[in-house]
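First to last, the sequence lines map onto chains A and B.
Numbering that gives the first Met the number 0 puts the first residue of the first sequence at 0, with every later residue one more than the last.
Numbering that gives the first Met the number 0 puts the first residue of the second sequence at 0, with every later residue one more than the last.
Bear in mind the hints are in silico, worked out from the structure with no lab data behind them.
The reader is advised that the hints may include incorrect statements.
To be verified - Computed far set for chain A versus chain B, every beta-carbon distance over 10 angstroms: (1) 35; (2) 42; (3) 53; (4) 57; (5) 107; (6) 116; (7) 134; (8) 172; (9) 176; (10) 179; (11) 197; (12) 202; (13) 208; (14) 211; (15) 212; (16) 216.
Unchecked claim - Heads up, simulated DSBU-like pairs for lysine-lysine below, C-alpha to C-alpha not over 30 angstroms straight-line: (17) B:174 / B:63; (18) A:179 / B:5; (19) B:10 / A:179.
Stated by the list, open to error - So the derived list for chain A, only partly shown, Cβ under 8 angstroms to chain B, looks like this: (20) 13; (21) 143; (22) 214; (23) 219.
Here the structure is a predicted model, which means the values were calculated and not measured.
For each residue, glycine too, the CB sits at the ideal point set by N, CA and C.
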Amino acid sequence: MSNLLQRVSDWVTSTQVYKAIFRHGYEDTPRNRSLTTFSNVLYHLHPVKTRKESIRFRYTWCMGGATLLLFVVLTVTGLLLMFYYVPDTRRAYQDIKDIMNVVSFGSTFRNVHRLAAHGMVLTVWLHMTRVFLTGAYKPPREFNWVVGVILLTLTLVLSWTGYLLPWDQLAFWAVTVGTKMAGDTPLFGVEGPFGRQLGMRQDNDIKFMLLGGTEVGQNTLIRFYVLHCVVLPLVAVVFLVIHYWRVRKDGFSGPL
Amino acid sequence: MNNGDKRITRKDFFSLVGWGGILSTLGGSVLGFYRFYFPNVLYESQKVFKIGKPEEFPEGLSEKWKKERQVWVARNKSGVYVMISICRHLGCTPNWFTDQQKFRCPCHGSIYDIMGNVLGGPAPRTLWRAAVKLDPVDGQIIVDFNNRQDPDPVSTENGLQVDEASREIEPFFLKV
Numbered sequence: 000m001s002n003l004l005q006r007v008s009d010w011v012t013s014t015q016v017y018k019a020i021f022r023h024g025y026e027d028t029p030r031n032r033s034l035t036t037f038s039n040v041l042y043h044l045h046p047v048k049t050r051k052e053s054i055r056f057r058y059t060w061c062m063g064g065a066t067l068l069l070f071v072v073l074t075v076t077g078l079l080l081m082f083y084y085v086p087d088t089r090r091a092y093q094d095i096k097d098i099m100n101v102v103s104f105g106s107t108f109r110n111v112h113r114l115a116a117h118g119m120v121l122t123v124w125l126h127m128t129r130v131f132l133t134g135a136y137k138p139p140r141e142f143n144w145v146v147g148v149i150l151l152t153l154t155l156v157l158s159w160t161g162y163l164l165p166w167d168q169l170a171f172w173a174v175t176v177g178t179k180m181a182g183d184t185p186l187f188g189v190e191g192p193f194g195r196q197l198g199m200r201q202d203n204d205i206k207f208m209l210l211g212g213t214e215v216g217q218n219t220l221i222r223f224y225v226l227h228c229v230v231l232p233l234v235a236v237v238f239l240v241i242h243y244w245r246v247r248k249d250g251f252s253g254p255l
Numbered sequence: 000m001n002n003g004d005k006r007i008t009r010k011d012f013f014s015l016v017g018w019g020g021i022l023s024t025l026g027g028s029v030l031g032f033y034r035f036y037f038p039n040v041l042y043e044s045q046k047v048f049k050i051g052k053p054e055e056f057p058e059g060l061s062e063k064w065k066k067e068r069q070v071w072v073a074r075n076k077s078g079v080y081v082m083i084s085i086c087r088h089l090g091c092t093p094n095w096f097t098d099q100q101k102f103r104c105p106c107h108g109s110i111y112d113i114m115g116n117v118l119g120g121p122a123p124r125t126l127w128r129a130a131v132k133l134d135p136v137d138g139q140i141i142v143d144f145n146n147r148q149d150p151d152p153v154s155t156e157n158g159l160q161v162d163e164a165s166r167e168i169e170p171f172f173l174k175v
């Protein structure tokens with residue numbers, strides 16, 4: 000029996016398909032280890048050289064990695080929720096109630112999505128706090144700090160656009176209050192400095208553009224839905240790629 | 000080709016045309032994207048609407064249209080004015096307390112009097128008043144929700160105040 004298993008195993012590992020995927024084998028030589036790392040899309044994101052001290056848990060708190068993990072969790076659970084949620088003001092709230100009470104594991108996925116969203120805001124702040132306290136924002140990593148600030152903003156806007164989707168009283172008034180700030184934009188908002196003098200009205204200023212109307216309604220719901228599910232995640236992925244590529248190029252900061 | 004010549008060469012000309020084409024395409028697209036986000040038809044509640052005849056509103060404040068149209072109708076000794084039920088702090092809906100003769104906002108505690116002056120709380124300006132006029136046919140009040148009076152208030156000991164006489168002007172006041 001074990002002879003048969005050995006023969007099957009030998010045959011599988013000798014096929015062209017297997018060798019095309021697992022390219023380097025187990026041979027434990029410095030050259031082979033380097034080759035494995037350099038030719039793997041995930042491993043090669045790590046810097047060429049990493050100091051032992053800088054990958055200690057208490058140096059990074061793993062907060063950047065935790066943020067990425069939560070982003071992946073949010074993408075997966077968010078996709079699941081999209082199968083049952085329709086961004087229509089007449090049924091959005093009912094869909095959320097269905098997800099919570101009728102759909103199998105619906106409440107689990109929605110709660111994970113919600114908790115992970117709160118968690119991601121937290122881990123982004125902790126990650127940036129760690130980077131600040133260890134001085135990892137200094138040259139040559141200044142550009143990556145800038146990318147990080149963009150990612151922070153995207154995280155907060157993602158969180159805020161998701162807030163409207165349940166279409167309950169909390170969502171409606173939170174977004175009514177939140178979008179009022181847009182009306183206070185200088186020049187482009189009806190209530191901002193010089194807005195009125197430049198001909199801004201309730202129905203042509205920048206807040207009107209954001210809401211797709213003079214009040215939070217169907218146009219606002221579909222706008223926030225598209226931003227939340229498509230536009231912002233795609234933009235975030237682009238900046239995440241740049242973020243990791245910079246980490247690889249700049250190397251980890253840390254004690255010498 | 001005559002190199003010493005300062006005339007526009009064939010290469011310069013096509014470079015100019017090429018870049019001009021690219022830039023005007025990009026510029027036009029940006030303008031198109033921008034304009035696209037401003038809807039031309041709104042499926043909202045009407046922003047110009049009738050609320051009934053002035054005689055239907057006795058002196059004091061009426062909350063009759065608050066839920067449906069987001070406005071209060073107020074009448075004083077000289078006429079009628081319509082205030083918009085949106086708190087000037089962050090846009091919640093204040094409540095009217097008849098016993099105190101005050102509006103109080105449930106969100107962050109802004110307080111207004113019946114004229115819309117700020118008596119307390121974080122509100123930075125006085126309540127909006129909407130433009131009003133009488134329909135010449137049926138005598139009802141027509142409210143224009145998006146045409147709003149928003150005078151600069153003066154800071155006093157009693158809060159942010161606006162001179163009432165300066166406010167009672169057309170089209171924001173109906174003399175009755």
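To see whether the hints hold, each was checked on the structure:
In this structure residue 35 of chain A is separated from chain B by more than 10 angstroms, as the shortest Cβ-Cβ distance comes to about 44 angstroms. Non-interface call for residue 42 of chain A relative to chain B: holds, since the shortest CB-CB distance, roughly 39 angstroms, exceeds 10 angstroms. For residue 53 of chain A, the requirement that its beta carbon stay farther than 10 angstroms from each beta carbon of chain B is met, with the minimum near 43 angstroms. Every beta carbon of chain B lies more than 10 angstroms from that of residue 57 of chain A, the smallest distance being close to 41 angstroms; the non-interface claim holds.
Listed as outside the interface, residue 107 of chain A is consistent with that label: its C-beta sits roughly 33 angstroms from the nearest C-beta of chain B, beyond the 10 angstroms cut-off. For residue 116 of chain A, the condition that its CB be more than 10 angstroms from all CB atoms of chain B holds, with the nearest at approximately 23 angstroms. Look at residue 134 of chain A: its CB is around 38 angstroms from the nearest CB on chain B, clear of 10 angstroms, so calling it non-interface holds up. With a minimum CB-CB distance of about 7 angstroms to chain B, residue 172 of chain A fails to clear the 10 angstroms threshold, and the non-interface call is violated.
With a minimum CB-CB distance of about 4 angstroms to chain B, residue 176 of chain A fails to clear the 10 angstroms threshold, and the non-interface call is violated. Not every CB of chain B is more than 10 angstroms from the CB of residue 179 of chain A (nearest about 4 angstroms), against its label as outside the interface. Non-interface status of residue 197 of chain A relative to chain B is upheld: no Cβ of that chain comes within 10 angstroms, the nearest being about 15 angstroms off. Distance check for residue 202 of chain A against chain B: the nearest CB is about 6 angstroms away, which does not clear 10 angstroms, and the non-interface claim fails.
Residue placement check: residue 208 of chain A does not keep its beta carbon more than 10 angstroms from all beta carbons of chain B (closest about 5 angstroms). Once the 10 angstroms rule is applied to beta carbons, residue 211 of chain A is inconsistent with being away from chain B; the minimum gap is 5 angstroms. Taking the minimum C-beta to C-beta distance to chain B, about 5 angstroms, the non-interface status of residue 212 of chain A is violated against the 10 angstroms cut. Not every C-beta of chain B lies more than 10 angstroms from that of residue 216 of chain A, the closest at about 6 angstroms, which undercuts listing it as non-interface.
A hinted pair counts as satisfied when its Cα atoms are at most 30 angstroms apart, and residue 174 of chain B with residue 63 of chain B qualifies at roughly 21 angstroms. Taking the CA atoms of residue 179 of chain A and residue 5 of chain B, the gap is about 57 angstroms. The hint is violated against a cut of 30 angstroms. Annotation: proposed proximity of residue 10 of chain B to residue 179 of chain A is violated, straight-line Cα distance about 53 angstroms (limit 30 angstroms). With a least beta-carbon distance of about 55 angstroms to chain B, the hint placing residue 13 of chain A at the interface is violated under the 8 angstroms criterion.
Restraint check, residue 143 of chain A versus chain B: the minimum CB separation of about 29 angstroms is more than 8 angstroms; hint violated. Hint status for residue 214 of chain A: holds, given a least beta-carbon distance of 6 angstroms to chain B, under 8 angstroms. With a cut of 8 angstroms, the hint placing residue 219 of chain A at the interface with chain B is violated, because the nearest CB-to-CB distance is about 10 angstroms.
Violation of the numbered hints given earlier is confined to hints 8, 9, 10, 12, 13, 14, 15, 16, 18, 19, 20, 21 and 23; the remaining hints are satisfied by the structure.
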